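Here the protein sequences line up with chains E and B, keeping their order. Quick note: the first sequence, position 249, residue 249 per the numbering used here, numbers continuous. Quick note: the second sequence, position 280, residue 549 per the numbering used here, numbers continuous.
To be clear, the hints were calculated from the coordinates, so they are not data collected in a lab. Predicted, not measured: the structure shown is a model, and the values here were computed from it. Even for Gly, the Cβ is constructed at its ideal location relative to N, Cα and C. What you were told as hints is all true, and nothing was included just to trick you.
Label-pair distances were calculated between CB atoms; the ranges are:
1) Val290/B x Leu50/E: 46 to 52 angstroms
2) Glu448/B x Pro48/E: 39 to 45 angstroms
3) Pro480/B x Gly74/E: 30 to 36 angstroms
4) Ala167/E x Pro366/B: 32 to 38 angstroms
The list that follows gives simulated cross-link-like pairs (lysine to aspartate or glutamate, EDC-like), each with its CA atoms no further than 20 angstroms apart:
5) Lys181/E x Glu163/E
6) Lys552/B x Glu491/B
7) Lys2/E x Asp461/B
8) Lys528/B x Glu313/B
9) Lys552/B x Asp101/E
10) Lys40/E x Asp415/B
11) Lys340/B x Asp328/B
12) Lys273/B x Glu165/E
13) Lys340/B x Glu491/B
14) Lys181/E x Glu165/E
15) Lys278/B x Asp101/E
16) Lys528/B x Asp315/B
17) Lys33/E x Glu51/E
18) Lys181/E x Glu166/E
19) Lys528/B x Asp328/B
20) Lys464/B x Asp4/E
21) Lys273/B x Glu163/E
22) Lys181/E x Asp171/E
23) Lys273/B x Asp171/E
24) Lys464/B x Glu448/B
25) Lys273/B x Glu166/E
26) Lys528/B x Asp324/B
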Amino acid sequence: MKLDRILGNLVLAIFGFIALFPLVWTALNAFKKNVDIISKVPKFFFTPTLENVTYVLGRHSVMAGLTNSIIACGTSVLVGVVLGLPLAYAIARYPNKWSADIQFFVLSIRFLPPVAVAIPLMVIWLQIGLYDSLVALIVTYSLITISVTVWLSIPAFQRVPKEVEEAGFVDGYGAYAVFWKVALPVALRSLVGAIAFSFVLIWNEFLMALMLSSTNAKTLPIVASELSQQGMNVPWGILNASVVLLSLPPLLFLGVLSGFLSSAFTRRT
Amino acid sequence: MLSKTSLPKVFTIPTMGILLVLSMVPTIFAVIIALQNRVLGQPEMDFVWLSNFIDLFSDRRFLNAVWVSVKWEFVTVIATMTVAIVLGVLMFQYASPRMRNFYCLLFIVPVLLPRVSAAFVWKFAFHPLYGIVTYPIRAITGKPVDLLGNANAALYVVATVDVWQWGLLFAVIVLKLLETLPPQPLEAAQLDHAKGWQIHYFITLPMLRAPLISLTFVKMIESLRSFDLIYVMTRGGPGVATETLDMYAFSQGFIEAGKVSYASSMAVLMMVATVVIFTILWKRVQS
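Please model the entire structure based on the sequences and the hints provided.
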């Protein structure tokens, strides 16, 4: 009995270490000089340098990628919220014979292989003359953000107690006022989780951005991946620093998303 | 209960209209392009109907890519679910509430990383000369090991990264699911002096059958999105050892020959296969 407890905790501790250590190591390397990174024995102690970070932040391509990422992700998440939340609410509160089919259709958008969407879209955007533009990326991404937002928000609206909404009707609110003034505020915490999830998904997206942009509309993940192809002399420190920069925004949502996971799984009956 | 209102229609129709257009246009176009012989940068094209599809089946690289994708699907789904269930049960069994919260936060971190970042983090770690993971092997044998350059090992190394991202997240979900179970059957089993693993094997995991199947389903869909990991870590190499279908379609369509139609015919086959398979599975899970 005692022994399995120790062994169990040991396994957990090892996996906790595996979860975080590679990241910590990358972050450390971002502050090392190249000589400290390519040493024979890994160095845990070194004199830190800001060279890599300032180099990355000072590069025009990185800043352009960051701006593109922020605009493309921000706008498509907003589109997902504006169009997705009402649909999710209608499915959750006014179910009809179509609801199950709509839900399945929204989920089935996730089945589509990204290449299968990206190839025709590339041809289409080229023909319209919008290839390599943020508009093309935003429209493409909206397909993803709308479907993710709908899918994750349906349970959030379903968890709003019916009585609260009925009280709203009794107070003389119409259906729209109940949605706006009762359901949205009550469900807000879970909805923020769903929205954060769609942001993280889009921020991390790679294949579509790679195929739909060539120079102007490149997002940060593409710029970061290109840094690795700079000749034979790999700038390790710079690469590590750009990986850290790329990873920071999604990590900001760690708290929100872990709360979302907890609330999504605890109120089952 | 509710008086008649226009809300369901107003809230449903515009969004569904947009979703239908945004998903059907590329889908229909993908099929049309697959029936042609378009090449990037060349204006002339014709309908060649099914000849792209016929060519695929005598293309050994395509058949290899199908096989690599199937292997990838099996390896990542099985490994993810195993890691998730083992770690979830261990947390449930042995970790104090405070440690559980701590591990949950820790285990969510990898999945939040962009795949490109995760791929780089581990590419550094597996670097034959400077990598931290390969360091012990270097220190003991004195020789560098290039696991990502090894045709037999590369796919599994990349799969490790995928499991690192998803298995740890799913462990958190398994723990949350275990916490929602009613405590009585567990307590009864403990009174009967059942061992920890017996309780989970015979009682809790069977009770969680339905959500665990749904999780597996989600992972099967997510495993199809391996492009970014493979693109950054191996580019399909060494040789064609890690060339999955989307990687091969990408290199046919963009890197090597610009054969957009040929690439699209592959994508269409993938689309048909995934939609058919997942629709059948989903309907089964639901019933």
